[in-house]
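4 protein chains.
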Amino acid sequence: MELGMIGLGRMGANMAQRLVRGGHRVVGFDPKPEARKAIEDNGAESAATLDALVAKLKAPRTLWMMVPAGAITDDTVNALLPLLSAGDTLIDGGNSNYKDTLRRAATCAGKNIQYVDCGTSGGIWGLAEGYSMMIGGDAAAVEHLRPIFETLAPGKDTGWGRVGPVGSGHFTKMVHNGIEYGLMQAYAEGFSILGHKQEFALDLHQIAEIWRTGSVVRSWLLDLTSDALGKNPKLDGIAPWVADSGEGRWTVAEAIDLDVPAPVITASLIERLRSRDTDSFADKLLAAMRNEFGGHAIKKE
Amino acid sequence: MELGMIGLGRMGANMAQRLVRGGHRVVGFDPKPEARKAIEDNGAESAATLDALVAKLKAPRTLWMMVPAGAITDDTVNALLPLLSAGDTLIDGGNSNYKDTLRRAATCAGKNIQYVDCGTSGGIWGLAEGYSMMIGGDAAAVEHLRPIFETLAPGKDTGWGRVGPVGSGHFTKMVHNGIEYGLMQAYAEGFSILGHKQEFALDLHQIAEIWRTGSVVRSWLLDLTSDALGKNPKLDGIAPWVADSGEGRWTVAEAIDLDVPAPVITASLIERLRSRDTDSFADKLLAAMRNEFGGHAIKKE
Amino acid sequence: MELGMIGLGRMGANMAQRLVRGGHRVVGFDPKPEARKAIEDNGAESAATLDALVAKLKAPRTLWMMVPAGAITDDTVNALLPLLSAGDTLIDGGNSNYKDTLRRAATCAGKNIQYVDCGTSGGIWGLAEGYSMMIGGDAAAVEHLRPIFETLAPGKDTGWGRVGPVGSGHFTKMVHNGIEYGLMQAYAEGFSILGHKQEFALDLHQIAEIWRTGSVVRSWLLDLTSDALGKNPKLDGIAPWVADSGEGRWTVAEAIDLDVPAPVITASLIERLRSRDTDSFADKLLAAMRNEFGGHAIKKE
Amino acid sequence: MELGMIGLGRMGANMAQRLVRGGHRVVGFDPKPEARKAIEDNGAESAATLDALVAKLKAPRTLWMMVPAGAITDDTVNALLPLLSAGDTLIDGGNSNYKDTLRRAATCAGKNIQYVDCGTSGGIWGLAEGYSMMIGGDAAAVEHLRPIFETLAPGKDTGWGRVGPVGSGHFTKMVHNGIEYGLMQAYAEGFSILGHKQEFALDLHQIAEIWRTGSVVRSWLLDLTSDALGKNPKLDGIAPWVADSGEGRWTVAEAIDLDVPAPVITASLIERLRSRDTDSFADKLLAAMRNEFGGHAIKKE
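Protein chains in written order, with the numbering used here: chain A, 1 to 301; chain B, 1 to 301; chain C, 1 to 301; chain D, 1 to 301.
Just so you know, these hints were derived from the structure itself, not from any lab.
Take these hints with a grain of salt, some might be off.
No copy labels: a pair is met if it fits in one copy or bridges any two.
[To be verified] Dumping the calculated EDC-like pairs for lysine to aspartate or glutamate here, alpha-carbon to alpha-carbon at most 16 Å: (1) Lys-234 <-> Asp-75; (2) Lys-58 <-> Glu-45; (3) Lys-299 <-> Asp-236; (4) Lys-231 <-> Asp-244; (5) Lys-197 <-> Asp-277; (6) Lys-197 <-> Glu-301; (7) Lys-231 <-> Asp-203.
All figures in this text were calculated on a predicted structure; none of them were measured in a lab.
Work the whole structure out from these sequences, hints included.
Right under this line is the structure:
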């Protein structure tokens with residue numbers, strides 16, 4: 001097939017490369033010349049403007065946005081709308097909030113442009129191993145894109161699927177990331193407990209390796225954890241500071257909106273906030289209260 | 001009445017003083033001469049050894065231990081047992097684990113010595129305002145001690161009571177402290193949220209003062225919180241480091257033993273652990289995992 | 001002063017009554033004739049329409065809305081705007097989300113109408129004991145309303161205050177309710193632990209009474225808890241089903257937006273969701289997983 | 001090698017069978033004749049008493065206990081001690097608390113009997129796929145047992161290892177199970193959120209299948225989850241009731257003992273308690289409190 005890739009950062013460039021390898025014609029757009037150059041070196045074409053990109057594609061066109069969620073996605077959709085024709089398909093492969101996706105899809109529907117949301121997992125491993133894709137959109141539109149998904153996915157029939165109407169792809173990816181937060185935190189706590197049991201002097205990398213085969217907790221995240229512990233057993237030089245992207249927060253908000261108790265996913269998010277709250281006002285106040293009622297000593301800052 | 005007070009730290013000395021004021025004869029024991037001197041200045045007598053203490057009291061004797069929970073309480077009980085006579089009463093007013101209390105009571109019962117456990121709340125405020133006391137023990141034994149409790153309590157008939165058989169006093173005090181952890185954490189989080197809303201530039205002390213009258217969240221802990229915020233609005237110089245005593249941990253363990261879900265009391269304890277885990281291995285591992293699967297940058301230590 | 005009260009439900013009617021007792025002229029509006037009749041019986045005037053209400057007040061007018069948060073508040077503001085004059089003051093005493101308040105205030109500002117938000121705590125006790133009020137708005141506008149607040153408050157100078165610009169009153173009330181959730185849950189867990197310790201056969205009402213005086217956990221919520229346990233020691237006939245209003249959810253969302261870890265307030269909200277999730281899909285899936293990996297028996301529904 | 005297997009339940013019988021297949025001589029003991037018969041049918045020998053079992057093995061003997069943790073393990077050790085000789089090795093392959101293991105090992109050490117603890121994961125899948133084994137004990141003793149472990153493990157060099165001194169095997173297995181709780185709960189919450197989003201009508205089994213390949217959350221537990229959802233998409237007939245074994249509780253207790261914050265593992269355990277607390281006293285009390293302060297209606301039971 002023929003596809004325009006908008007946004008040639010790490011994710012977009014790698015996906016373009018995987019598509020080219022799979023025999024598709026890819027025209028990539030990115031404002032940065034070096035990003036366009038890189039994709040050309042990998043066998044794709046490029047365009048320096050969205051106009052040029054659209055002009056290089058034959059209608060009905062397929063355009064895949066791989067740009068940061070939020071304002072930049074809105075800007076891109078708005079810039080594209082006047083350039084596209086009825087029957088074209090616009091895919092958002094980024095980490096958009098599904099509510100934004102529903103809104104954008106409604107705008108596109110007004111111009112008879114198909115809007116498809118593809119929640120994409122795979123990170124830096126996707127180029128080699130394929131991308132896990134949770135897709136929302138019109139059934140016929142998604143079916144039309146089958147050759148693209150079959151190429152990007154880990155296997156022709158595995159690791160991807162249309163999960164429902166537009167919005168459901170990003171919704172499913174959001175929950176995927178919420179689960180990811182919980183899984184990561186469970187491992188992190190477990191290894192921390194192991195490491196603190198000083199009398200056993202446990203080798204955390206060895207234990208991770210043992211668990212990778214045959215244990216109940218084996219997983220891809222454990223494989224990565226083992227790799228990290230193998231390279232840096234004490235995690236020297238790594239600050240105890242954990243970023244969070246929007247999707248964990250959205251999952252927590254969505255759980256509450258749906259009246260679904262999600263204590264573990266929520267606790268995982270809170271721990272990430274906590275990791276960055278290194279001068280906790282709440283804890284200072286607890287110390288002050290203890291001093292007030294019990295005369296307990298306060299530790300000085 | 002006549003009472004021997006064992007342990008003349010802040011709590012024991014203040015209780016002795018309140019008892020003297022209430023017209024009781026108090027003989028205090030503490031290994032430190034200055035502690036004995038201080039109690040004498042407040043109208044009590046003193047004894048330099050447990051032998052001397054017991055000798056100064058008329059059988060049937062009443063002895064009140066106000067010593068640190070754990071080994072020192074065991075040592076004290078063991079030292080006293082050969083000195084006491086059948087019919088004497090030994091009170092543990094400290095923060096003992098109720099399981100230890102049950103064990104010690106069984107030992108004392110073998111010698112016909114009454115063992116009474118008195119969970120005591122009131123901290124540095126007890127001398128002036130009275131002590132809240134949750135008492136476990138034989139009903140007749142507790143009744144016999146009524147004059148003591150009436151003097152120590154905030155009011156003759158308020159703030160104290162026999163809650164059940166021996167052990168139940170310390171059990172009730174343990175849960176009291178578990179609740180206290182949860183209440184403190186709820187306030188601490190709320191004030192932290194208020195303080196982080198920079199565009200409103202809220203005056204936390206003012207808000208605490210407003211809430212002290214008429215609001216649903218009014219409480220003694222709020223009074224203290226307001227006092228702390230009034231003295232030090234930004235909590236300058238206070239480290240975000242919160243100690244925990246045994247009772248919060250025991251409450252969490254007991255809840256689990258009883259199959260009672262206690263998410264808030266448990267989360268309060270965990271936050272205290274977290275306040276002291278300033279170089280969290282778990283968070284480092286989360287950062288390392290994120291780097292592994294997504295190439296996300298790690299913050300350097 | 002002279003005040004129009006819009007919404008004569010339990011809260012609005014009681015506040016009108018307290019204002020009348022305090023010597024203010026109150027004109028109340030409510031679509032229900034019986035609500036208007038009731039307020040007249042208590043010495044207030046009434047109006048059957050908003051037009052009539054506004055006509056009965058002398059400019060610059062003071063109008064207090066005590067209506068359900070959300071759409072009804074919007075409807076009321078929209079209906080009032082054409083009727084009001086520059087210099088009038090509109091107060092929202094309900095449980096509005098502070099973001100809605102900011103939006104409405106901006107609309108009113110366009111017509112030179114002062115918008116004041118008053119987070120109100122006190123529930124069914126406010127008539128007799130006064131209302132705790134956290135007020136946001138222009139400083140001069142709030143000062144102008146001082147006679148109103150002094151009458152409604154528990155004391156002339158206590159239990160109320162202007163905490164900051166418009167929106168800050170509802171924000172502060174929101175956090176107040178978040179704290180309330182945490183406090184309630186802490187008590188609920190503690191009493192549940194006490195009640196499950198069958199060998200001690202504890203009398204929960206007695207313990208609550210003891211704690212009311214002198215203990216660290218004494219509070220108004222404990223007073224109410226004791227009252228409830230006194231009337232119904234086993235809580236017979238009460239379903240384990242706990243509603244939540246918007247403010248707990250908003251507090252959790254706000255904490256996350258502000259990057260403030262609030263594990264206890266959040267856990268309190270989640271437990272309320274959990275209380276209503278009586279056929280938990282998550283728990284069914286856990287049971288199914290245990291069966292898958294360990295052959296553990298599944299309990300049949 | 002030659003090994004005596006004590007306890008021929010599902011785990012013990014399957015391990016015996018895997019050992020026989022691997023060319024080892026296995027003598028099995030179980031009080032139940034049918035269990036002994038079953039193992040004989042699979043090529044092992046059997047003994048009707050511990051005396052007979054010990055008699056059938058050549059010194060230095062290797063005995064593997066696969067019996068329920070707790071009192072039965074103590075009974076078994078106590079019954080074996082008089083029968084064993086210095087130089088024999090006793091392995092506990094069950095889910096014992098590591099503190100019990102340390103105590104038993106000390107007793108055995110007094111008689112020069114090697115005690116080895118083997119935390120065993122693999123459940124009903126172990127016979128076919130091999131068992132994951134975390135082993136604690138004297139290095140030479142574990143090395144001597146290498147042929148046994150190589151046969152039981154998923155691969156000769158994978159899925160097993162000596163992690164440290166005696167006790168460390170059960171400690172590591174305990175933490176393994178704690179992590180397992182957290183992982184399971186994260187998936188359960190995620191799928192519950194997906195299932196509650198009714199407008200997307202998501203097919204949970206399909207999503208699990210998509211995630212199994214290429215996603216960040218792929219794992220063996222996800223494979224099992226997918227299998228469960230494939231067989232019973234609505235989880236019909238499964239009660240929302242989740243048992244917990246000792247190891248989750250021990251992990252929580254150990255984390256607290258080590259001052260390690262483990263919010264997610266702890267929340268996972270609490271949710272299991274909550275699943276069985278279907279008539280929550282805490283929630284009833286919350287409902288009663290809301291009625292007290294706000295007049296909010298109580299749902300009748």
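Quick rundown of the hints versus the structure:
no.	hint	in the structure
1	Lys-234 <-> Asp-75	neither (44 Å within a copy, 41 Å between copies)
2	Lys-58 <-> Glu-45	within (14 Å within a copy, 74 Å between copies)
3	Lys-299 <-> Asp-236	between (27 Å within a copy, 11 Å between copies)
4	Lys-231 <-> Asp-244	neither (24 Å within a copy, 35 Å between copies)
5	Lys-197 <-> Asp-277	between (26 Å within a copy, 15 Å between copies)
6	Lys-197 <-> Glu-301	neither (28 Å within a copy, 23 Å between copies)
7	Lys-231 <-> Asp-203	within (13 Å within a copy, 40 Å between copies)
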